[in-house]
Each structure stands twice: as C-alpha cells, then as structure tokens.
Amino acid sequence: MNTGMAIVRAVRSGEMLALEAAEQCIARIEFTDTRINAFTDGCFERALREARVVDAKRARGETLPPLAGLPYAVKNLFDIAGVTTRAGSKLRNAEAPAPADAALVQRLRDAGAVLFGALNMDEFAYGFTTENSHYGACRNPRDRTRTAGGSSGGSGACVAAGQVPVSLGSDTNGSIRVPASLCGVFGLKPTFGRLSRRGTFPFVASLDHLGPLARSVEDLAASYDTMQGPDAHDPGCHATRVQPTLAGLDAGIAELRIGALGGYFEDNAGPAARQALALAATALDAKPGVTWPDAALARAAAFVITASEGGSLHLPGLRERSADYEPLSVDRFIAGALLPADWYLRAQRFRRIQRDQVNTLFRDWDVLLAPATPVQATPLGTDQFELNGALVPARPSMGLLTQPISLSGCPVVVVPLWPNGPLGLPIGVQVIAAPWREDLALRVARRLESSGVAAAPVEGL
Amino acid sequence: MNPAALKREPAPPELIAYVRSSARLLDLPLADAQVERVALQLARTRAIAAALRGVPLAAHDEPAEIFRPAPFPSEDPL
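If you read the protein sequences in the order shown, they are chains L and P.
Letter by letter, the first sequence follows residues 34 to 494 of my numbering.
Letter by letter, the second sequence follows residues 133 to 210 of my numbering.
Simulated from the structure, these hints should not be mistaken for lab results.
Check the hints yourself; a few may be wrong.
To be verified - Reference listing, derived: stretches of chain P covered by chain L, where coverage requires no fewer than 3 residues with Cβ under 8 Å from a Cβ of chain L: (1) 150-164; (2) 167-173; (3) 177-183; (4) 186-198.
Virtual Cβ for every residue (Gly too), placed ideally from N, Cα, C.
Using the sequences and the hints given, assemble the complete structure.
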C-alpha cells in the first residue's frame, strides 16, 4: 500500500487509475478485516463510483482536484449519506441513515478523495481501547492480541493494516493520539475549533476535536489542508480562514525552539515511552525538562468536564435504555450525569487560567515534545497495568499524557517510534505547538519522518 | 499519589447515598448493583476532582467559554 499522496500522484500522472487503487483497497479490507475488525460499515459501491468519477474527469482532460483518488475511511461517528451513524452503539441502529455527509467528508469528497466506509470505535467515544461489546474489539495490526487504542481504534488500525492510507477520527481526551501511538501511525489533533464538527455525533462539546490519521506526514497535511475552512453552522468552529501547511512542510526546523516536557510527563511515562521521547528529543536537539503548567490539574479538569458533559448528553438514553449501553462505560456515563455542578464549573474556570499559562509558555518555545501514551499497546481485556511501580486502571490511564493537552486545545501531531526495533511494538511521541500553529508541529513531525526516526509501515497480515 | 493508582475498595456509604438521591432527583432508575458500581466510578472522579478544590479561584475567574448572544458587529448601526 502506497501513501495516500503517492496514490494521488499516480492517478494524476496516469500511472494508475483511481478505480485500480479503489479495488486494491477493497481487496485488502476484505482480506484483513476479519482479523482486525476495523470496519463496521463498508461503502464499497460508493468508493467505486467516486473513483470512476475521478477517472472520467482525467479521461476528459479536466484538472483533477487536489486529493483525486485518495482512499480514506471515517470513524463511525461521522455522518455518511445513506449510512446510519452508529457512534459505536447499538442504541443508534434504528436511527435513519444520515441524509448528508459530515462537513469534513463533504470537503474530502469535493477534493476527489474516495470513501470506503465507517470505522470501529469505543461506544460514544468514551474509552481508549475500542473494546466494543456490540461490534467486537478492534485488534491492533501490530499484534492482534492487543488493543488498537481508542476511541478511534478502527481509524488507527485501518491505516496500520494498509486498508486505506488515511482515516478520520475524533479526539476529546486523546482518541486520535492514543490509537496513533499504539498502532504506529501518524495522527493530527488540530487546534480546538479549527475543523468543523458539523455532521458528527458529539461526545463533549467543550473538548471534541476532529482530525486525520495517516501513513505519512504529507498525507496528514494534505488531508488537513483540504478539511480546513470556516463553518458558520458549527458554533465550535473558530477558524475564520484557511492556513495551508503542505507547501511549508519541508521548510526545516533550524530556527525552531524545541523542548521536551518533563515532570508530570516523565512521571506518567513507562520505559518505552521515555525511550521514544529520548530518541525524538535527540534527533531534534530538544532541550529537556520543560514544565507544562499544572499538567495534573489539567488532566483532572479534562476528566471532570468529560464526565459531566458526556453524562448529561446521554441522560435521556440512560433513563430509558441503560441496559443497552456498553457495559465497560455505562457506569462512567451515569456517574458523570450525577456530578455536582461545582466540580464542573471549577474545572471550566481553571481551564481559562491554564490556557493563559500555556500561551505564555509558548512565548519561549515553538514546539514541545511529550510521550503520547504511558505504555505500548496492552493485551485486550487488560484491567490494570504497571506504571513506574504502581498498578493503574488500564482504560482511563491510556489518556494520562494526552488529556492535559486536550484541555488547552493546542495542536498535536503524534509520530510513531519503534524503541524496541522494527519488530517490536510502536509508541508515539506528541509534537505540540501553540494554538493555530499546526504548521510548526507538522514541520517537526516531517523532520522526524524524513530522518528515519519515525515511520508508519504497513503491517504484513 | 498518582490519581489513577486507586485501590479497588467498596464505595463509601455517603457516595452510595448520594448516587441514590441524585439519581432519584434526575428520574434515573438504578438497580442496587448498579448504584454500587456508579458510586465506585464517582469515588474515582472525586479523587481526581479533589485536586481542583485547592486551586485558588477569584470571583472574576470566569469559565473558559462564555455565551455570546451574537458576534460583535463589525460596523456600528446607521
């Protein structure tokens, strides 16, 4: 499987038909997905139709749009016209099919990308392991006995398995970054409010982000650029114009001030995570020991906001059909619905203070590095893992290092490293920039990729 | 202590009582076994939220997102 933009270039040059690329993806999905369980709903007829449209345009001599022929799939909380948006839950199976594509799917479609279907996830995005009791666990292509991470587990697994080179996920507390880390692929959580969320099933309005996962940094930047743009119909979309990143990807990092986060981010990182951070920091000549302001409090605030808003959103469903919810998360949803208002409001008030501290920090730094997950992928069914001498609950703890960054809304690119060698398990490093500076995070990620420190090979299955 | 490093202990009685009464207030039916499990979740959240109680907040420290009735007009009315 080529990268997404390699396919786009091949289609543009006539070296390959978009239809050929689509048929290869379908064959790969059919060959591998019984073992990975990344897809919940294929839309292969649509993919073939979209690919034929691209080929017909080229045959007529028309200029092809920027992503013509690029194969991708989306977490199943994105609306796909004609497909029921399950959001990982059987509660939504009786809902009518979506009447239109989500805003980001519309933008990718208009750019000539080819959609293959909807991807497995934790129910209603509340989890970090994609152990979904309704649709089955998503398995990590790097080791199928282990979790693919979550909640966008299918989005990470489908890229690692070579089913499609690009996918879309959502990230509230780390749900793009955790699967990118555990599956060994690149992932981008943009600035909060950068990309439109219209046409996706929400989880936590105060924290929900959308973004791509991909085999290469170029694929991330190209798909991200295409999805940018203001959206007056999404109250959470704060961007007022497009700020392209692709053209500047190879601008280099010579003038950038790069640091590595210590303190909380060291204390909550296992040996492999520390090793991955050291590899990236050495390659970038990053200064160690930078302190993220009030990281533990930021994680606490994100946890409380998530519990409260998520619980409130689902309270009507919990009253009527709590037995139909995912057993692994229903009690958390209910507990969240019962939180005292003071806990929630304190978290939101702290968030404003902490945002100012983070923005002050970025006066001294362009990019900061941190591990993405405390540990590599754990076996499916793991309830606890050991973290620096303490047993911690496995499912919530996978987000210990991503949640503090979610609260501030900073953009983050996760790059996959292989501290135990290419036959070992991957683990990601977060490349964090100031709000609205995705360009810097992508440039640094590109340097790690081009220098061979980070890579997202397709897993042989 | 790492807030995630919690021991599995029975839910405190005051949290059991809180879950029962607040669920009743919200018309949320819960079986006894579920009350216990929800209270354990709430205990975990309480431990995490406890750190935020120590954050000094002044009266003017407002929540992060403030309601806007409409975008501020770019031009004054005629």
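**Report entry** Numbers of the earlier hints that this structure fails to satisfy, in rising order
**Finding:** none
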